[in-house]
Amino acid sequence: RKEVEQDPGPFNVPEGATVAFNCTYSNSASQSFFWYRQDCRKEPKLLMSVYSSGNEDGRFTAQLNRASQYISLLIRDSKLSDSATYLCVVNNGNDYKLSFGAGTTVTVRA
Amino acid sequence: EPEVTQTPSHQVTQMGQEVILRCVPISNHLYFYWYRQILGQKVEFLVSFYNNEISEKSEIFDDQFSVERPDGSNFTLKIRSTKLEDSAMYFCASSARGRLGYTFGSGTRLTVV
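Those protein sequences? They're chains A and B, same order as listed.
Under this note's numbering, the first sequence has 17 at position 17, and the numbering climbs by one with no breaks.
Each position in the second sequence, counted from 1, maps to that position plus 110 in this note's numbering.
The set of hints was computed from the structure by calculation and includes no laboratory data.
A couple of the hints might just be wrong.
[Said to hold, decoys possible] Chain B stretches covered by chain A per the calculated footprint, using a threshold of three residues with CB under 8 Å from any CB of chain A:
#1 147-153
#2 157-167
#3 170-181
#4 198-207
[What the hints assert, rightly or not] Dumping the calculated PhoX-like pairs for lysine-lysine here, alpha-carbon to alpha-carbon at most 25 Å:
#5 A/K42 to B/K193
#6 A/K42 to A/K2
#7 A/K45 to B/K193
Even glycine gets a Cβ: it sits at the ideal position worked out from N, Cα and C.
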């Protein structure tokens, strides 16, 4: 089983729509969870950390379900600039390496 | 905003040649990393470096790979004898607090021909 699995998409949504997608992780000992954003051929950039109680950053909402070992990201009021690949990233707490999912591609159309 | 700088941005090399990829981490960061991303695939961990030694490495990081922090500011990845399958984007990253607060460099695209 892959360490971090994501629906690759693509999710094609109109501007202003809401889009949501999940990620599952296999290691129940995982401690830290993140969503990164990656534009084509660019470096990953931290979008937000994901906390146990769920958290929001502007139009972005992240949720963590430890029992089912999944993380979700919801984007409200999508903008054209939200078009990117969203990477689910997990750390198991015993070391400093990050484990990346393969990414979910979101395309927002005018 | 502080950034991680990588050079070169693109390197083409012949199979069997040695390459050195260079990185300048953020100055007050203590943890340094190399990751790679083969085109169309996920980002993969290669190695982490702390307190002047490797703290962890993946199965990918075999004897062909080495890292060095030669002068207190640069952090380099050397591939001794490149193979076609080493073609990828190589990202350097640094962090002040381990797994939190990573900053990635813009990457070096390595093409082995």
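Against the structure, the hints come out as follows:
1. 147-153: It holds: at least three residues are needed, and the stretch 147-153 of chain B offers 3 whose Cβ sits within less than 8 Å of chain A.
2. 157-167: holds (count 4)
3. 170-181: violated (count 0)
4. 198-207: holds (count 3)
5. A/K42 to B/K193: Given pair A/K42, B/K193 holds - Cα atoms ~23 Å apart, limit 25 Å.
6. A/K42 to A/K2: Holds, at roughly 24 Å.
7. A/K45 to B/K193: violated (29 Å)
The structure shown violates the earlier hints numbered 3, 7.
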